[in-house]
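> Given the structure of chain A, go ahead and fit chain B onto it with the hints provided.
Now for the letters of each chain:
There are 2 protein chains.
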Amino acid sequence: MSILVVGSVAFDALQTPFGKIDRCLGGSATYFSVAASYFTEVELVAVVGEDFTDEDARIFEGRKINLDSLQRVAGAKTFFWSGEYGYDLNVAKTRDTQLNVFADFKPQLNDRQRHPDVLFLANIDPDLQYEVLQQTERPRLVALDTMNYWISSKRDSLERIFGAVDLIIINEAEVRQFTKEANLVKACRQILDLGAQTLVVKRGEYGVLMITKDAIFAAPAYPLENVFDPTGAGDTFAGGVLGYLASRAEVHDRELRRAIIFGSVLASFTVEKFSLDRLREISLRDIHERYQDFRALTHFDDFGAD
Amino acid sequence: MSILVVGSVAFDALQTPFGKIDRCLGGSATYFSVAASYFTEVELVAVVGEDFTDEDARIFEGRKINLDSLQRVAGAKTFFWSGEYGYDLNVAKTRDTQLNVFADFKPQLNDRQRHPDVLFLANIDPDLQYEVLQQTERPRLVALDTMNYWISSKRDSLERIFGAVDLIIINEAEVRQFTKEANLVKACRQILDLGAQTLVVKRGEYGVLMITKDAIFAAPAYPLENVFDPTGAGDTFAGGVLGYLASRAEVHDRELRRAIIFGSVLASFTVEKFSLDRLREISLRDIHERYQDFRALTHFDDFGAD
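Protein chains in written order, with this note's numbering: chain A, 435 to 740; chain B, 435 to 740.
Keep in mind that the hints were calculated from the coordinates and are not lab data.
Values in this document were obtained by computation on a predicted structure and should not be read as measured data.
You may find that some hints are simply not true.
Note: identical chains are not told apart, hence a pair may lie in one copy or across any two.
[What the hints assert, rightly or not] The calculated DSBU-like cross-link candidates involving lysine-lysine, where the alpha carbons are at most 35 Å apart (straight line), are: (1) K527 x K614; (2) K614 x K511; (3) K647 x K707; (4) K620 x K527; (5) K620 x K498; (6) K614 x K588; (7) K647 x K454; (8) K540 x K527; (9) K620 x K454; (10) K454 x K588; (11) K454 x K498; (12) K647 x K614.
Isolated chain A, as found in the complex (with noise of 0.2 Å):
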């Protein structure tokens, strides 16, 4: 079993009431691989500049992520991302966007790569995630991720991809924001009356609601005295979920539901320190361990049972 991910890999400048760095890794592919290789093979596809070394590349060693088609271009430089966050942590405030050689990102799929047993497709213009699907013969599981600014600038395009993939990752906000419907659960079955089987809907530090056709499931986010940066954690959270079904035989209700517990298990990992420093640095260990946090956290018993 493998995953094939299409995204950015990019390089952060991060400002958080906890500290400050000029350059660090980030990039939606870049989370969502390191995360997902906790699980499963992958294959990345993404672009960076020159100026992206060895050293940065290092991150994706001794992993199993196949870098073949990460395309690195010459004279050129890497997406770059710079963002501030204040003290409550939930909403990232852009300071500057320089979108350098994933501008010009059009992902040419080679012959193997046609054929992936799950494709996730990160958060890019709507249009290139519709074209990448196309490349493909049909993943046995297909699942996107987007941001609100392609609720405005690319509506139609968005429509068409929701329609054509198994699972959405979205956040609470863009849930409302794309169907003007201030009653979540209302608004998520419009969404899925576009085509897709289940919509995995972020709430930040309130955790996930997943919604199928037949089933709801909410699972709260791990309760940290310490989030030192929040950026990634939806990537991580994106790559934990599809990492850990992509490993199983098959996704149905249980192993969904499992699957966006490890998501939220590797999302509180990211949060704990800068970039992906805390996410490269634990162990499978370290997730089945808060994976029985999370039991915890949320088990109740049934009332008869004494």
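Relative to the frame of chain A, chain B by itself:
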């Protein structure tokens, strides 16, 4: 096992996007008592005016609610609140508050009431809460609710009563307002340091977080497609929590978790109709069925289970 509640019985005028009502029953102690009475005997200490009719009092009939100390003041009017909600339903806009008989409310417990098993101090002046507590022989369990108004106007009094009770029920925004700490877990620990054993944080549509010295428990809210009127949800929740706890021999982690789910179940019914219209018509069977729905909503299994 029984519970003594001191709080308000009121008339409300409500406007939501789904309807409008000029006069209906409300008040923290009203919602609390009806909710708690599904589990235990309730003794209600409150005051109303002569406009509170026998027809109004029917809400308490046929339930295990003792009204001996529901004082009716001749020539005076019942506490009145008028509020309005927009489509997001999370924030009530107060249009009018008339304290009326509630302005001079000085609860005096009789001999029998001085020995309650469980005492709930609904959202009233923290000095009044303290005076009521002083009138009792230390009950097995003392809990309170409060509001942002007392945090800004009577901070010292609130600090005193926080240190004198076992269980505090409070909104998330109020935790941050009281502590001036953005991280919720840290903020909760600061409040627990004042003396209480258990802090139950209400997060509206995001559910509840319970923090004790030894454990954290997160419960989602029930994802309703139709929320009609959120008035009284918090008081109903408190009634379910304390009513269930009053019915049990011990207050430990397992019972607290069940209590929070029962509180969430009852609150999810309250918001389905105006005022107490839905809460008053449900059966224990309805409550138990929705408890099971909460289990289905939150359940995920151990990943080692297959």
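> Does each hint fit the structure? Answer for all of them.
Tested hints:
1. Taking identical chains as interchangeable, the C-alpha atoms of K527 and K614 lie at most 35 Å apart whether they share a chain (24 Å) or sit on different chains (22 Å).
2. Within a single copy, K614 and K511 get their C-alpha atoms no closer than 38 Å, and across copies no closer than 42 Å, so neither meets the 35 Å cut-off.
3. In this assembly of identical chains, the alpha carbons of K647 and K707 lie at most 35 Å apart only when taken from different copies (26 Å versus 37 Å within one copy).
4. When the C-alpha separation of K620 and K527 is checked against a cutoff of 35 Å, the pair qualifies both within a copy, at 30 Å, and between copies, at 24 Å.
5. Taking the shortest alpha-carbon separations for K620 and K498, neither the intra-copy value of 39 Å nor the inter-copy value of 38 Å comes in at or below 35 Å.
6. Taking identical chains as interchangeable, the C-alpha atoms of K614 and K588 lie at most 35 Å apart only when both belong to the same chain, with a minimum of 16 Å there against 40 Å between chains.
7. For the identical chains of this complex, K647 and K454 are inter-copy neighbours only, at 33 Å across copies versus 44 Å inside a copy, given an alpha-carbon limit of 35 Å.
8. With identical chains, the CA atoms of K540 and K527 are at most 35 Å apart within one copy only, with a shortest distance of 28 Å there and 50 Å across copies.
9. For a Cα distance limit of 35 Å, the shortest separation of K620 from K454 across copies, 22 Å, qualifies, whereas the shortest one inside one copy, 40 Å, does not.
10. With identical chains, the CA atoms of K454 and K588 are at most 35 Å apart within one copy only, with a shortest distance of 34 Å there and 39 Å across copies.
11. For the identical chains of this complex, K454 and K498 are intra-copy neighbours only, at 31 Å inside a copy versus 60 Å across copies, given an alpha-carbon limit of 35 Å.
12. Only within a single protomer do K647 and K614 lie at most 35 Å apart by alpha-carbon distance; the minimum there is 21 Å, versus 42 Å between protomers.
Of the numbered hints given earlier, the model fails hints 2 and 5; all others are met.
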